[in-house]
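Chemist: Each chain is listed here by its residues.
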Amino acid sequence: MADPIEEEVQKEIKANKILIYGKGTKQMPMCGFTRETMQFFDRYGYPYELIDVLQNPAKREFLTGMTNWPTLPKVFIDGQFYGDTDILDPMAAKGEIEPLLKKAFGK
Amino acid sequence: MISSDALTSYIRRAMPDAVVSVTDRTGTMDHFSIRVVSNHFKGKNLLDRHRMVYQALDEPMKDGRIHALEIKAETSDGT
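Going line by line, the protein sequences match chains A and B.
The first sequence lines up with residues 1 to 107 when you count with my numbering.
The second sequence lines up with residues 1001 to 1079 when you count with my numbering.
No wet-lab data here; the hints were simulated from the structure.
Here a beta-carbon is modelled for each residue, glycine too, at the ideal position from N, C-alpha and C.
Don't take every hint at face value.
Pairs of lysine-lysine residues, derived as DSS-like cross-links and limited to a Cα-Cα distance of at most 27 Å, are as follows [claimed, not checked]:
1) B:Lys1044 x A:Lys103
2) B:Lys1072 x A:Lys94
3) A:Lys102 x A:Lys17
Derived coverage of chain A by chain B (criterion: at least 3 residues anywhere in the stretch with Cβ under 8 Å from a Cβ of chain B; other residues may be distant) [unchecked claim]:
4) 58 to 70
5) 78 to 88
So here's chain A without its partners, still in its complex pose (with noise of 0.2 Å):
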């Protein structure tokens, strides 16, 4: 039988297309890095999706063990894990994201 953890990531990562598993919500951000990552987002007017797993210890045992990644937030773009700001800074620099969110949304 399925894990139903893996079963609810995988249909937020399909339904959104940019999705952060952080802390807090979005009117309320519980951690200096994920309003970063926040506000890294709305510099492109894409709309995202923030999912709090702060008081979720199993589901983000869970995202850990998936993206071999220890920390939060957890940034996925079209299915695919991003990191966090530390990666996708450089790659804004370089000028990777504006393309890889107009192909996200079909643009």
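For chain A, the structure is supplied; the task is to place chain B on it using the hints.
Modeler: Here is chain B on its own, set in the frame of chain A:
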């Protein structure tokens, strides 16, 4: 809370050639920004480079001595 020397030695244990610069972002010695230069990163993409650093710091991250970490991982020729 961890000293920059202790943090650096965790990284050197995994990557003996590493040159590590540590910045304490909050004055509390648990939110860091670090820059690691090592040729162990050659041929690895950014995600894998960061995974290597997280792996080296697994212990102090798990026990809470490091609360937050921002990483720059480069090779000596600047890639």
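Chemist: Now tell me if each hint is right for this structure.
Modeler: Now for the hints, and whether the structure bears them out:
The suggested pairing of Lys1044 (chain B) with Lys103 (chain A) holds, with an alpha-carbon distance near 25 Å, which does not exceed 27 Å. For the given pair, Lys1072 (chain B) sits about 15 Å from Lys94 (chain A) by alpha-carbon distance, which is consistent with the 27 Å threshold. As the CA atoms of Lys102 (chain A) and Lys17 (chain A) are separated by approximately 11 Å, the hinted pair is consistent with the 27 Å bound. With a threshold of 8 Å between beta carbons, the proposed coverage of the stretch 58 to 70 of chain A by chain B holds, since 3 of its residues qualify and at least three are required.
Three residues within the 8 Å Cβ limit are the bar, and the stretch 78 to 88 of chain A against chain B gives 5, so the coverage statement holds.
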